[in-house]
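Both chains are given apart, each in its own frame, so use the hints to dock them into the complex.
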Amino acid sequence: MGRIFTVFHALGLMLVVFSTAYLLPAATALIYGDYILLWDFLLTMLWTFSAGSLMWLLTRRFKGELSIRHGYLLVVAMWTAMPAFGAVPLLMMIPDLSFTDAYFETMSGMTTTGATVLTGLDNLPPAINLWRHELNWLGGMGIIVLAVAILPLLGIGGRQLFKAETPGPMKDSALTPRIAETARNLWVIYAAITLACILALKGAGMNWLDAVCHAFSALSLGGFSTHDASIGYYNSPLIEFILIVFMLIAAINFATHFLAWRGKSLRTYLRDAEAVATVILIVGSCLGVGFFLWRQGIYPEFWTALRHASFNLVSMATDCGYASVDFNQWPMFAPLWMLFLSSIACSSGSTGGGVKMIRTLVLVKQAGREFLKLLHPAVINPMKIGGHVVDNNIVFAVLGFIFLYFVSVASLTFVLLISGLDFVSSFSAVIACINNAGPGLNQVGPAGNYQGLTDFQSWVCVVAMLVGRLEIFTVLILFTPAFWKR
Amino acid sequence: MKILILGAGQVGSTVAENLVGEANDITVVDSDGDKLRQLQDRLDLRTLTGNAAHPSILEQAGIADTDMLLAVTQSDEVNLVACKLAASLYNTPTRIARIRALDYLNRETVFSTDNFCVDFSICPEQILTDYITKLIEFPEALQVLEFGEGKVSLVAVRAFEGGPLVGKPLSFLRSHMPQVETRVAAIFRQDRAIIPEGGTVVQDGDEIFFIAATDNIRRVLKEMRRLDKPAKRVMIVGGGNIGRRLAKALEHDYQVKIIEFNKKTCQRLAGELTNTLVLNGDGTDEKLMQQENVEEVDVFCALTNDDENNIMSALLAKQGGAQKVLALINRSAYVDLVQGGKIDIALSPAHVTIGSLLAYVRRGDVAAVHSLRRGAAEALELVAHGDRESSRVVGRRIDEIDLPKGATIGALVRGEEVVMGHHDTVIEAEDHVIVFVTDKKMVKKVEKLFQVSLGFF
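Taken in order, these protein sequences are the chains called Y and F.
Everything in the first sequence is counted per our numbering, starting at 8 for the first residue and increasing by one.
Everything in the second sequence is counted per our numbering, starting at 69 for the first residue and increasing by one.
Next up, chain F with everything else stripped away, as it sits in the complex (with noise of 0.2 Å):
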């Protein structure tokens, strides 16, 4: 496949880093040269310089011919006149757009094909928000991701002792909480995956993926660890648009304080925000953080743009007693080593979001895909096709399905209704099938498995 990506920021660089080795022809468009230079010395790709919006360097990049235009620039307006020009002037197929401002999000006709022409837009700083509201919600998960709008969830959680099932074979789940149905995709353990069986023994520092039904996370969770109070005292450092966003998603449910250093971002944050306290000063000052208790905190979020200020205030905080601290860190080489540390949750950015776009960028019929583990993993939300004859999974039972090893298919979503994938559970058209992957390098044949094939249509 053909793909334009504009602009070469976060975003952009890495979703070519994850396109880049799936056989696409990727071609990257920004104004800056060094940024472009970069990429380029690391990925087998086409990069060009210039303004992304203008239709002399989109036809410089091969417009005409390509199949997908992804529009991820800083600038919204940028991304959505691209779209605009690539519908109107150049007939490309699938636009996808990054936008921010609300203004837009909250008007939909401003994408139709009558306006803009973008086919989907996505936000990440909204995905990040969610995601960590999430973490909010369940203080013990390390992550949460959601399924079948939201009907399943994957959620990863760190074994401890105090965990009735901890020391005891997965099996011990099924008749410790015959009512609550849930079934472990995979277990990491001092980073190497495990492929869960009825026999494995759970042991304390053990990462665990389980699938259960999102009513049902709570419950599941107190089987791997004792459970803490749920959160109420949220503390934020830096109020730029990830926590700007989460402020404002948080504070009528949570007492929120936000520490900002620009005296001006905290004033337009006070005006904007209705019920969080806004405070004027440095993230790493820990005489702000005791006269704003920070030992009461429950989760601890250290969202600016620098990674060294959000370790440090987060190392900080956690000194000062916070009880859970999160770090938002763009580096990836800087999570591997700050996870599990002191730090109870990095946050790559990156990852968090890559999986929406993933989504529509991939093959087959995907609904949703969700990258684990700092992208070594990957769960995929995968819509089944077809009948016995043109499909390879429709109509067969689980284990009749050829899935490669490391994969395994944690649960259905079928209308309304969760069916949890046991080995005999046979698998209907248009299922929503929840795939966890240990190794991102079986995506690909997951994903041909759930291509029908030529003679359906």
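Extracted from the complex, chain Y is given alone in its bound form (with noise of 0.2 Å):
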């Protein structure tokens, strides 16, 4: 078991490289005059910083390249072992906080799931509010993702990595012949869309604070807000366009983003087609929604039950999770069917979650074909997404995929009936959890949040969290008798 040293000396220099992290919300409170929240955070990052140093030098004497397997378990350890150092600024700050909370809320933050357990955000301290955010932020591109692009010494077992975090079946075509190379220009990309998102939402009418806020939660796809009214709170109809340009934007493959800005062509969005689904798939339910909205009576004008309902369906369905209106006072059919959309419509390579579009188009096509063969036994049409060849290895992936996904949710759900929650509630929990979309229905609605479950029900969401953002076979596969056997 020698090896498994090797992990924990890569996971120290990780969190070394994630003790960073705290400058910005020191930063923050240096800024807003906030001197006790500085010395706190930057407490937090010395203690963080011991932490992986400690462990880097204590297991130098393994240092090596990471196979495969050592590869999930890095990628697993690290996801939970950062929401702990995470959480530690958040129980200094605030006061009847529990650990599982706290935990809670960092994971919610790392996975862009964006579902809380605090009330009173608006009263929250700046560099509080902005440490939350930034949270979904790292978690949006990848935290590992980050690490590959900065640190050349992963070496080899770097793409591994790559792959265990990144979503989506099809992560073989690389963009650019170096991994790392890859990673930087992914993390480059979404920082400047991000700068974009701020400028326009300053620009919109929030103060900076906000503006910045907003615009991590919305790039990543995570969803928290500095107020309990979510974005409700500006009543603005140019903040709500503006998230939802951004929200689609982030929603989208930031691969194909790279090939259209190294193109300067806007037509390699047409070429994805995925891309192309995601967005028709939105902007079709938008439509369908808001009519609906209007003839069940629910908004007397046609354009104002357009737009809530734009506004709510893109965040749910590109599982970022802001609200404007409590949806859940709508007829049933709209918010599961945004429900819905967020298990299916995401992009692969986007920030959001879910079974993403690609899975959903290969699941389809496969319907397909299992037509043809049946009228034409002798027929060979392999699958096809947008012109090109789908190995059959990989429909058996994606297959095993939507099996797991299902078993997770039913079981997850059971285990949060057994608990005592209702069923919706369970079963929306679950379901806005796995995706990491954020407000389910009911108790943890939009109009409520997390706060109300037990701490046994916060770890079991913990754990959809989880398994939701590494797409299931990551942290799934830590549990197989085979990863442990030599």
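Do not rely on the hints blindly, as some may be mistaken.
What the hints assert, rightly or not - Derived lysine-lysine pairs resembling PhoX-like cross-links, with alpha carbons at most 25 Å apart:
no. : chain 1 : residue 1 : chain 2 : residue 2
1   : Y       : Lys391    : F       : Lys202
2   : F       : Lys202    : F       : Lys410
3   : F       : Lys202    : Y       : Lys380
4   : F       : Lys332    : Y       : Lys380
Think of the hints as simulated: they come from the structure by calculation, not from any bench.
Here it is as structure tokens:
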């Protein structure tokens, strides 16, 4: 088991990297003159830094390349350790917060779920709010992708880690010859779009802090807000529109953004069948749900209905999780449809969650293939998406993934039911957590939050979030006997 | 003229066969000595065994004083390299290459004088595909050939009982359809050519060649026979170079099914084609044909590279109820055997593609050459130059021109306009004249007629 220390060696290094993330809230505290907070953040940073470097130094002997299995172990270890460290500032600065809730909040931030157990967000110190949103932002593109980008010493194992953390079934098409270069490019694109979003939101009337925070949570599709009323606080169609645009951008594969930027051509998006399907499905649903709400008389005017339907639907479908109205009050069809979209609508390689549009396309096409095969037994019809042939191995992998996804949803829902939560809350909480969307329905709906859950229920949701963010296989593989066999 | 042909495959040997009779010095290079020996036994030419892209071989083949290089080997790359070498090292005046890959064909700069120095590129598979596509568009026709950049077409059709013209003299055509201009260029009755005149009576079973503006083809066809419904369902056997291209060309306008034996090829086909049903199976498996509704098929094309298989599967398809069947047949003995029987059209790839090559090779100003009736007859598109003094055609009425017997002027393309060739039509300079020749031996005389005498220069 000597190799396991190799994992700790890398983990230590990553914690050192992660410790620099505290600089941003510390700077914010400095700007707002909150010296107690500044001190707290610097202390936490020092603590994380020393823990990481100690781990790194003690295991120096075991420095080496990571094998495939240790890559998975490292990713999962990193994703469970980081929320623990990230929770420290919250525990220090919010009185009466239990460790469970603090861990839940950080995990929710890092997995870009955006479910919160906190109330009185408006009164939190700015640095704390920024810290929550920064967790969103770091988790969006992936902290390990970032580490791969800036730490060339991870070397060969980097590609493995990259694959384990990036969502989507087809990860072998590298954009650049070097994986570190690819990771760096993705982060640069991500950061550039975020900057554009900050400026747009500032222009639309937010203050700097809110603009930065909301840009962080919009691009990462995290969905944290600095206000209890979420985006409903502003009641501004312009802000809602800007956020819709950036949420849609974030729901498209960042590799496609990169190719479009490199080729200086918007055509790239049309060639990405997944992006086209994502946008068509979401825009079509907005119109449909808007029309539905108007006909049901929820809103007297069509445009009002369309505005609220669009913002909340895009927010849910892209797994962001902002709310501008309490959509739990809408007729059941609308919120359920939104939850359904949250499972399928995001593109692979985006910052959103769920089973991803590419897998949905594979499933739909596979059904079509079966029909054709029944009619023409001799037919040869490989799966094609966007004109490219998809290998049968990928189709099988997708089928396996979908199976595990449904098993996870069903079993976690049962666990929540056993713990005494009502059905709609349980089911919607699991769906919202595993898709990293955020608000569910009823008790965990947009008007309420996850505060009312018991500790046990919170931990179940934490598991759902982690499993959903790392796309199930990466986590569950650790629980297979084959993984631990040598 | 000294001509160097690289590659003694289907294309190379057919070209050699056609050119050797026209007083050319021909050298053929191929890496396969057996093929060359067979060729040399039949024809009067020189052969050389070796790699056609190697300068030493080219030098031995006498490239230094060659007038024209025809690089028609199987390999695009060998052809390209040979053309480049010929241009850079030996200053060969004309270089023609056979290029298959669309990747090259889509980028014209590849062929420019800065790069591979190819004067003309031909793709036999593409020519054949275009040819079959036309036949599917006009399922009643035996042959559809285009002239004047597609403005005029020469169409071969078999007259059948039920067409208004059958049993009537040709002059009836004029009175029956005064608004459509057309000219019958030749009639073949039991394989003998008849020079068509106003009084010639069309009989059931005649093979008629007529010239008309491309837009009018269908209306003229209607005079010769009852029209079938336009084709909708096409079945192709063989997913090789030709089958694949054909499926690609047809798949958006027709319902296409393609049967291919090799599973790997099937996978590749299915990856490339978007709207075609790719079936894995034997083209001569009647069970598979029935299962795929061969009785509903409008046009069935057997396009594998095996003559016998093509004939058998075409026969089976006809038996199974396919409307019209077409078989690709390389051996000319088979073509004569099969054509006109149960198989509606026997296609000889060599004869279909030779024309475009010949157009480059022939002297005079030949814009297009099409081989007809398996090479026995020919249709040429010639450009008339000069004036009444320097040319023997320009400024003259058609009945004043000294055409050999058996050659007819079918039509002229004058700029954008199509003029039918009547006896009193006067030919002007730069007209494209379409001449129909019932016997190939006359081609030389016709070409000479169109050459401008020295005084012109």
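### Query
For this structure, which hints from the list above don't hold up?
1 and 3
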